[in-house]
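2 protein chains.
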Amino acid sequence: MDNRAIGIFDSGVGGVTVLKELQKLLPNENFAYIGDTASFPYGSKSKKTIIELCKKRIENLIDMEVKMIVIACGTATSQALEEMQAMFNIPIIGIIKPTVRYLRDMNFKKIGVIATTGTIRSNGWEEKIKESIPEAKVQNKACPLLAPMAEEGWIDNEIAKLAIHEYLKDIKNIDALVLGCTHYPLFKKIIKGEVGENVDIINTGEMVAREVREYIRKNKMENGNSENGDTQIYLTDLECNFINVAKKLLQAEDVKIQKIG
Amino acid sequence: MDNRAIGIFDSGVGGVTVLKELQKLLPNENFAYIGDTASFPYGSKSKKTIIELCKKRIENLIDMEVKMIVIACGTATSQALEEMQAMFNIPIIGIIKPTVRYLRDMNFKKIGVIATTGTIRSNGWEEKIKESIPEAKVQNKACPLLAPMAEEGWIDNEIAKLAIHEYLKDIKNIDALVLGCTHYPLFKKIIKGEVGENVDIINTGEMVAREVREYIRKNKMENGNSENGDTQIYLTDLECNFINVAKKLLQAEDVKIQKIG
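Quick mapping for you: the protein sequence lines, in order, are chains A and B. The C-terminal position of the first sequence is numbered 261 in the working numbering, with every residue numbered one higher than the one before it. The C-terminal position of the second sequence is numbered 261 in the working numbering, with every residue numbered one higher than the one before it.
None of these hints come from the bench; they were simulated from the model. Errors might be hidden in some of the hints.
Copies of the same chain look alike in the list, so a pair counts if it works inside one copy or between any two.
Claimed, not checked - Capping the alpha-carbon separation at 27 Å, the derived lysine-lysine pairs in DSSO-like fashion look like this:
(1) K137 x K247
(2) K247 x K130
(3) K137 x K256
(4) K188 x K55
(5) K56 x K259
(6) K128 x K247
(7) K48 x K189
(8) K55 x K259
(9) K247 x K47
(10) K192 x K24
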């Protein structure tokens with residue numbers, strides 16, 4: 001039994017889509033979430049910059065004595081997960097591996113991946129998908145404006161619709177579309193309208209939450225407390241739309257945040 | 001006579017709209033431009049973060065032995081100009097003062113200001129305008145997605161049009177619209193279409209270039225060389241759309257960039 005919190009971080013509010021799935025699946029766990037809003041967006045930054053930022057956020061979470069860390073960010077997972085796992089002596093889970101496992105289990109072969117510029121450029125999704133499903137055909141598309149739109153709260157207007165149409169119009173003939181950035185589930189309704197009912201739209205948060213549950217069970221790291229867990233949210237810059245978007249996402253009346261870093 | 005370069009910096013490609021006006025007005029000056037692409041966007045960051053970033057970029061420019069510095073960024077001017085002028089012993093010019101002087105000279109009283117979230121929140125434009133033109137009525141609007149759209153190169157599509165319509169629809173009955181972020185002149189055509197022919201759309205780069213010319217003449221700091229000057233461009237992160245957008249802006253066949261910081 002291990003009552004310490006599970007640490008989570010993202011560049012901003014996107015990782016809250018992962019936090020939400022974790023809270024759903026593991027209601028009695030405690031969570032510590034860092035939104036690195038001072039450095040948002042990660043998606044347009046270089047690998048080197050992302051590695052520096054991830055290192056700082058993981059150090060923050062280790063200082064809070066978390067028991068494991070979830071990188072709830074597609075860019076950070078694809079650019080820095082392996083480096084962080086080599087650098088720190090704490091379990092670190094990203095969003096790619098659990099999702100690829102699901103793609104393989106579901107026998108998907110024609111797969112679209114949308115993500116930030118940095119993620120697509122790193123080719124991390126395609127490489128990991130093809131390692132696991134060699135016959136897969138992967139269509140990639142960078143959508144650099146979607147995460148900023150989500151941070152702005154433009155998640156269901158005509159502009160979001162047009163931008164998503166612009167980004168998705170060339171992706172054809174797929175069975176599954178991976179939302180390779182944790183901000184994108186905020187646009188799920190529009191994306192579903194764009195790609196049609198027959199495409200499985202994959203919210204990586206669900207896959208990550210299952211992976212975390214399995215990991216803590218296997219390693220006997222569950223929180224022994226039977227009450228509902230607590231979530232602490234920290235931002236590196238408080239002056240942003242985080243609260244409004246997070247409130248919508250978590251369907252919470254209020255979201256309390258603290259400054260860090 | 002002073003043959004050293006004029007230093008310029010911005011969060012990304014926006015300041016190139018200022019560089020372009022400077023090159024036009026001062027063709028035999030040398031310029032050193034830093035685009036802080038690793039930290040883009042400045043517009044959503046706090047004052048404290050902006051001050052830290054500006055300090056680093058000014059130190060970079062001082063290391064290059066520039067003779068003066070232009071903060072070609074609305075956010076950095078409104079959040080950090082005074083702090084930088086107090087901190088460093090080198091002439092530093094921002095984009096607000098020269099523009100306000102023009103507004104006063106032109107006798108504008110009904111003024112719209114569009115800028116990033118940080119700039120609008122700081123109220124820097126409105127304060128400076130009212131100090132100079134006490135009877136002015138100022139309408140402010142934060143447009144946080146426009147700078148990211150410019151960095152993406154979406155400067156003349158339907159999405160940019162809709163976003164600009166969304167941001168400008170409540171600004172009514174103005175004589176002049178200040179583009180309070182140096183990225184916005186990239187959308188000048190769309191903005192003109194939105195606000196109509198009778199509104200003077202103010203590209204701060206033009207005002208800044210005049211101010212710099214006046215300053216170096218008055219202080220006998222002109223470059224004595226009669227040949228065309230040289231421009232060096234440095235980015236803190238090379239992996240971005242900077243070159244494509246800058247090429248369009250400067251109507252140059254190629255733009256050479258170097259890594260810094």
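Structure-based check of all given hints:
Taking the shortest Cα distances, K137 and K247 never come within 27 Å of each other, neither inside one copy (37 Å) nor across copies (35 Å). For a Cα distance limit of 27 Å, the shortest separation of K247 from K130 qualifies neither inside one copy, at 37 Å, nor across copies, at 37 Å. For a Cα distance limit of 27 Å, the shortest separation of K137 from K256 qualifies neither inside one copy, at 43 Å, nor across copies, at 37 Å. In this homomeric assembly, K188 and K55 never come within 27 Å of each other (Cα to Cα): the closest approach is 31 Å inside a single copy and 41 Å across copies.
In this homomeric assembly, K56 and K259 come within 27 Å of each other (Cα to Cα) both inside a single copy, at 14 Å, and across copies, at 23 Å. Within a single copy, K128 and K247 get their C-alpha atoms no closer than 33 Å, and across copies no closer than 36 Å, so neither meets the 27 Å cut-off. Proximity of K48 and K189 under a CA criterion of 27 Å is satisfied in neither setting, with 34 Å inside one chain copy and 37 Å between copies. Taking the shortest alpha-carbon separations for K55 and K259, both the intra-copy value of 18 Å and the inter-copy value of 22 Å come in at or below 27 Å.
In this homomeric assembly, K247 and K47 come within 27 Å of each other (Cα to Cα) only across copies, at 25 Å, whereas the closest approach inside a single copy is 31 Å. Taking the shortest Cα distances, K192 and K24 sit within 27 Å of each other inside one copy (23 Å), while across copies they are farther apart (49 Å).
Hint compliance for this structure: hints 1, 2, 3, 4, 6, 7 are broken, all remaining hints hold.
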